[in-house]
Structures are given as C-alpha cells and as structure tokens.
Amino acid sequence: MLEVKDLHVTVEGSEILKGLNLTIGAGEVHALMGPNGAGKSTLSAVIAGKDGYEVTSGSITFEGQDVLEMEIEERAQAGLLLGFQYPVEIPGVKNIYLLKAALNAQRAARGEEEIPAPEFMKLVKEKVGFMKMDASFLQRAVNEGFSGGEKKRNEILQMLVLQPKLAMLDEIDSGLDIDAMKVVADGVNSLRGEDKGILLVTHYQRLLDYIVPDHVHVLVDGRIVKSGDADLARELESRGYDWVVEDSAA
Amino acid sequence: MSDEQRFLDRLAERNAQRGDEPTWIAARRQAGAARFEALGFPHRRIEEWKYTDVRDIARSDFALATDAEFSPATAAALTLPLDAYRLTFVDGVFAPALSDLGALPEGVQVLPLSRALEENHEAVGGPLGRLTGVDFSSFAALNTAFMEEGAVVRLAPRTVVDKPIVLQFLSRAGEQEVMSHPRILVEAGGRSEATLIEHHVGEDGAANFTNLVEEIILERGAILTHYKLQEAPLKDRHIASIHIEQARDSRYVSFNLNLGGGLVRNDLVSDLNGEGAEAIYNGLFYGQGRQHVDNHTLVNHNALRTFSRENYKGILDDRAHGVFNGKVIVKRDSQQIEAEQSNANLLLSDRAEIDTKPELEIYADDVKCAHGATTGQLDEEAVYALRTRGIDEQTARGLLTLAFAGEVMELVDLDAVSERVELAVAGKLPERFNLAGLVETASAFNEG
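Chains A and B are the protein sequences, given in the same order. Mapped onto the working numbering, the consecutive letters of the first sequence carry residue numbers 1 to 250. Mapped onto the working numbering, the consecutive letters of the second sequence carry residue numbers 1 to 448.
Any given hint could turn out to be false.
[What the hints assert, rightly or not] Part of the chain B face toward chain A, derived, beta carbon under 8 Å:
#1 E381
#2 A385
#3 T388
#4 G390
#5 D392
#6 T395
#7 F404
#8 G406
[To be verified] Computed cross-link-like contacts, SDA-like style, restricted to lysine to any residue with a CA-CA straight-line distance of at most 20 Å:
#9 A/K151 x B/D379
#10 B/K327 x B/H296
#11 A/K151 x A/R140
#12 A/K50 x B/D379
#13 A/K50 x B/T395
#14 A/K151 x B/Y384
[Claimed, not checked] Residues from chain B that face chain A, not an exhaustive set, calculated with beta carbons under 7 Å:
#15 A382
#16 R387
#17 I391
#18 L399
#19 A403
Since the hints were derived computationally from the structure, they do not count as laboratory data. Computed from a prediction, not measured in an experiment: that's the story for all the values here. Glycine is no exception: its CB is placed at the ideal position from the N, C-alpha and C atoms.
Given the sequences, and given the hints that come with them, work out the whole structure.
Structure, rendered in structure tokens:
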C-alpha cells in the first residue's frame with residue numbers, strides 16, 4: 001500500500017534521507033529502527049507532510065496516489081495517520097471535539113454522512129475503555145497538562161477511533177512505563193488487520209516484544225542498510241547498532 | 001463652521017420640534033450642549049484617546065431618525081433566537097412592533113425612556129445622570145444634550161427575572177447617515193437578579209453613529225449579568241459609556257463582546273462602593289478589515305473587601321486595530337482587595353495592531369492585585385497537528401482561534417449568543433464548538 005522509492009530529503013540544507021526505499025504491504029507490520037540521528041523521524045514526518053522538509057528526489061505513493069502532491073489533511077483522510085513522538089498540546093480544543101471533527105472529515109472525504117451522535121459516543125466510549133482511560137479525558141483540552149504516558153495513549157485513542165489504513169507510530173514507546181506500554185501495545189495490535197499496515201519507528205527493541213513485527217529495517221545515515229524479521233530486532237537489542245553500521249560501511 | 005457647531009445646529013433643529021419638557025430635562029440638555037461645546041470632540045493628544053481617532057464621526061453630518069420602520073423579515077433574522085422580554089429601537093427610535101414585553105413579572109419594569117418620562121419623569125430625573133455626568137466625556141455630554149429615547153429597567157427588591165431582558169438596537173442602511181443617543185438606566189433593587197442583553201446589530205451597508213450612555217445601579221446584594229453583544233454593521237460608529245455603581249455584596253458580570261462596527265469605543269466604569277461587591281469583566285473583541293475597537297475599563301475599589309476580575313481577549317485580523325486599557329484604582333483604606341486583570345491578544349495578520357495597557361493605582365497596603373498582557377500568533381504546530389488528523393486548514397485555524405477565545409466564551413451559557421460569536425470568529429465550523437449535547441452525553445457516561 002505504501003511505496004517509498006529512492007527518497008532524498010534535506011532539512012535546512014543538509015541531507016537527512018539519502019535514497020530510502022521501503023514497501024509496506026497490506027496486513028504487514030514494519031519496524032524501522034536505527035541509532036539516533038539516522039533519519040527515522042524524518043521519514044514519518046515527510047509522509048505526514050510536515051513543513052521544513054524538502055524532498056529533492058524520489059517518490060512516495062500510497063495506494064497508487066502521489067502522497068507528496070496531497071495536502072496534509074488529504075493524507076490523513078486517505079488513511080495515512082501519524083502518531084507523534086511528542087504530541088502537541090492544543091489548549092482550548094477538547095479531545096472529544098478533535099475526535100469528532102477528525103472522524104467527520106474522514107467520512108466527508110469518502111462522501112459519507114456525519115456520524116450520528118449516539119453512534120459516535122458509543123464508539124468513543126468503547127475505545128476509551130479499551131485504552132484504560134478515564135472518560136473525563138474527553139472533556140480535557142488535547143494533551144494539555146497530560147503526562148507523557150497519557151499523551152501517548154491519547155495518540156493511540158485517536159488511531160482507534162479513526163482506524164487508519166496505515167498507522168505510522170513515531171517512538172510511541174518513549175516515556176512509557178511497562179503497564180502503559182502494554183496498553184499502548186494492545187491498542188496498536190488491535191489496529192492490525194488484513195487490509196491495514198503499521199509502521200513502527202523505534203529506537204528500542206522492547207516495544208517489539210509486545211507488537212511483533214513482520215519486517216524489521218535498520219536505518220543508518222539516511223538509508224535502510226539491513227532488513228530482516230523480528231529476530232533482527234532481538235539481535236540489535238543484544239548487540240547494539242554498531243555492528244550494522246560497520247557492516248554497512250564495509 | 002466647526003464640527004461641533006454642526007452637531008449643535010442639529011440639536012437646535014431638534015429642540016425646535018420638541019414640545020414642552022420638564023425643566024430639569026431642558027436644563028440638562030443645555031448643560032450637555034455647553035459641556036460638549038467647551039470640550040469639543042476628543043483628539044489624539046488626549047491620553048484617553050491616544051489610539052482612537054474620532055474624526056470620522058466629527059466630520060460627518062448625521063441626521064436624527066424620525067421613524068422606526070424596519071423590514072420585519074430582516075429584523076427577525078437579526079434578532080437573537082431567545083425567549084426574552086424585548087425592547088427594540090431602530091436608529092434610536094422605539095419600535096413597538098418589534099418589541100415584546102409579554103407579561104412582565106411583578107416587580108419588573110422594562111420601559112422605553114420616553115414612556116418612563118411620560119409616566120413619571122421625576123422618578124427618572126433622580127438617578128439619571130448621577131453616574132455618568134456631562135463631564136465624563138464629550139460624547140457623554142453630547143448624549144445628554146440629545147437624550148430622548150432609550151430604556152429604563154427597574155427591578156423591585158428580591159425580584160428574580162425569569163427570562164433575559166433584551167435591548168435590541170437596529171441600525172438601518174440608507175442614504176442619510178443618522179445618529180442616535182440612547183440612554184439606558186438600570187436600577188436593580190436589593191437582592192434582585194436579572195440577565196440583561198444589549199444587542200447592537202443592523203442592515204449591511206448601514207453607516208450610522210450610536211452614542212450610548214448607560215447607568216446601572218445595583219443595590220445591596222443585587223446580581224446582574226450584562227451581555228453587550230455588539231455586531232453592528234462594519235461601517236457603523238459605536239461609542240458607549242457604561243457606568244455601574246455597586247452597593248454591598250452586589251455582583252456585576254459583564255460580557256463585552258465586540259464583533260462589529262467600524263469604529264468602536266467602550267468605556268466601562270465600575271464603582272465598588274460596598275464591602276463584598278464584585279465586578280467580573282469578560283471581554284472579547286474581534287476585528288477584521290479596518291475595524292477599530294477600543295475598550296477602556298476602570299474599576300474603582302472604593303470599599304474594603306471588594307473584588308474585581310477582568311479577562312479580555314482580542315483577535316485581530318487584516319489591518320484591524322485593537323486597544324485595551326484596563327485601569328484598577330484601589331482607594332486608600334480599601335483593604336483586603338482582590339483585583340485581577342488580564343488581556344491576551346491574537347494577531348492573525350502582520351498588519352493587525354494592538355495597543356494594550358494595564359494600569360494599577362493602589363493606595364492601600366493589604367491588597368492582592370495581578371495583571372498581565374500577552375500578544376501572539378496562532379500556534380502553527382497545533383494547526384499542523386489538527387491537519388494530520390484530517391481536519392482541513394481553514395477549520396483548524398477556526399478551531400484554534402475560537403479556542404483562544406474559549407476562556408471567555410465557555411462562560412457564556414446562552415447558546416444564541418455563543419453561536420453568533422462562533423460564526424463571526426471561526427466561520428462555519430462543522431458543528432457546534434461547545435457541543436453541549438456531546439458534553440452531556442460524555443458526562444453521563446462518566447458517571448455511569
């Protein structure tokens with residue numbers, strides 16, 4: 001469903017991604033790992049459409065559409081959703097409102113009617129329960145005053161309500177204690193499905209004990225230098241990144 | 001001929017048409033005219049008018065309206081959809097056909113000023129002009145010289161009014177620009193309670209001048225919530241001088257919501273004269289195009305243990321210009337005072353301008369006062385975050401703009417009012433921002 005071909009991206013004049021290739025098929029969970037500064041977060045930010053990233057060559061297609069030609073909101077409406085490493089606080093905008101406006105935007109893009117209020121509340125109630133969150137969260141402003149763990153749960157809650165075709169989760173495990181990690185992992189696992197893809201961007205293998213990926217890629221200096229299955233992640237955990245870096249340089 | 005003389009000539013014309021009036025009215029008229037002539041229109045070398053240029057008013061030749069004809073369909077569209085007691089004025093002239101006083105409850109009087117004067121002019125003459133005298137400003141003096149219509153609201157002690165009282169001022173589009181000088185007098189007896197909504201609105205293309213003076217007297221323990229929803233046509237000029245006198249334990253809550261008008265100036269003055277009196281000033285101004293909106297507020301803490309809290313939010317787009325000047329004066333021996341004031345502004349364009357100045361003058365030592373002012377732009381990170389959830393950019397900006405006003409707007413519990421504000425500030429959002437229904441459902445499942 002997602003195809004990234006020979007992607008070169010510069011940020012403020014310096015090249016961060018240097019010819020990245022990645023294909024994610026329906027039903028697959030991919031983990032993108034790598035040392036700090038390798039460009040992991042850059043990839044998901046470019047796919048989501050963040051300002052400040054210049055694509056100098058290469059392409060990104062999602063279900064045959066040229067992602068780079070789409071507006072930020074069109075990407076989300078098409079089912080490409082990014083979970084942030086550092087979710088933004090949005091004072092004054094209630095979670096419940098964000099969820100409803102986002103869901104209805106997605107439905108409108110598909111030519112569907114707005115979701116009826118009772119149906120929406122039922123859906124949200126179920127998902128909030130699944131994420132072991134208190135319903136009072138819904139009345140609070142988005143991420144305002146939330147702890148790190150609460151923010152991450154909130155990102156997953158948005159995913160559960162919006163049901164993206166491809167969920168990209170950027171360092172979703174950072175700042176989570178083990179209980180929160182399990183809840184987040186359960187949430188992510190429930191997003192898996194035959195017609196859905198997941199891209200996990202992570203530095204640590206720990207998360208992958210709970211969300212077992214089909215494919216693991218190691219990103220070093222702007223390129224994927226090694227790909228494998230879940231065993232590769234375990235190997236990275238025990239041996240660190242240096243050997244991959246050295247192998248790739250050789 | 002000077003600008004002032006042109007207005008005085010209009011006054012002489014009008015006076016010649018008037019029948020006999022009680023001598024006190026004629027005397028005040030004269031005093032007003034004399035004071036106006038002496039002061040002249042304010043100019044920008046006067047500190048209080050430094051940022052507000054009124055030449056557009058001074059140089060115009062305004063007539064006085066003589067009838068209150070107004071298309072009922074247009075009026076219906078402009079009127080707030082609220083179950084309320086309602087007085088309507090068209091260019092300052094009372095419009096009985098557009099008013100609805102139903103059966104006013106016992107102890108409540110809501111009258112056009114002209115009728116209140118006919119019924120008992122002495123009862124009006126006592127309080128009128130006591131708070132806002134001709135010395136307050138040249139506009140107050142001008143109003144006094146021209147005063148003939150407006151509203152008188154009287155609440156007997158312990159009366160709780162079941163519905164809001166709406167004073168609606170409609171501005172007409174026409175070839176001749178007109179001026180009106182409404183005079184509002186509110187006397188709330190001890191422990192009475194009411195909601196007063198003053199609504200200024202009109203036909204597109206209207207370019208009139210409203211010069212309002214409003215005096216509000218709250219007796220011991222009275223509670224008044226006062227909405228001033230000013231969404232006058234964009235070429236209208238609007239000057240309002242509002243003065244509130246508060247006795248012991250009274251509470252005045254103001255929502256000063258300014259969305260319309262080309263040139264707008266509000267002066268809001270509270271005298272907290274009795275222990276326990278509290279004034280809460282909520283303000284929101286939204287300017288676009290070349291709108292100019294100036295809010296001057298003054299709270300006089302004249303007694304010990306009096307409280308004031310002020311929160312004004314300004315949103316300015318295009319080349320709009322906003323002014324906020326909030327002054328708090330704590331008199332000597334007024335101890336155990338609490339006064340808070342804040343003004344936050346959001347500039348949506350590089351060419352928009354805000355001049356904000358909080359002022360504290362404290363002559364007592366046991367006081368808790370705080371004030372602050374901030375100015376900023378929309379958080380682009382937040383715009384991006386909303387868009388990554390599929391919300392289009394315009395809606396995202398609207399949501400965030402309205403969220404900025406949220407602290408003030410979430411206190412508004414009249415949907416008819418908040419919907420007007422929402423529409424003006426954020427454009428048409430996909431659904432009600434407050435989501436009253438959703439909030440209820442959500443809290444229901446919180447409990448269950």
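Tested hints:
1. E381: holds (5 Å)
2. A385: Holds, about 4 Å.
3. T388: Holds, about 5 Å.
4. G390: holds (4 Å)
5. D392: holds (5 Å)
6. T395: At about 7 Å, which falls below the 8 Å cut-off, the nearest Cβ of chain A leaves the hint on B/T395 intact, so it holds.
7. F404: holds (6 Å)
8. G406: holds (4 Å)
9. A/K151 x B/D379: Given pair A/K151, B/D379 holds - Cα atoms ~18 Å apart, limit 20 Å.
10. B/K327 x B/H296: Measuring from Cα to Cα gives roughly 8 Å; hence the hint holds.
11. A/K151 x A/R140: holds (12 Å)
12. A/K50 x B/D379: holds (14 Å)
13. A/K50 x B/T395: Status holds; Cα separation ~18 Å.
14. A/K151 x B/Y384: holds (17 Å)
15. A382: holds (5 Å)
16. R387: It holds, given that the least Cβ distance between B/R387 and chain A is near 4 Å, below 7 Å.
17. I391: Nearest chain A Cβ about 5 Å off; hint holds.
18. L399: holds (6 Å)
19. A403: holds (3 Å)
Figure legend: structure checked against the earlier numbered hints; every hint is met.
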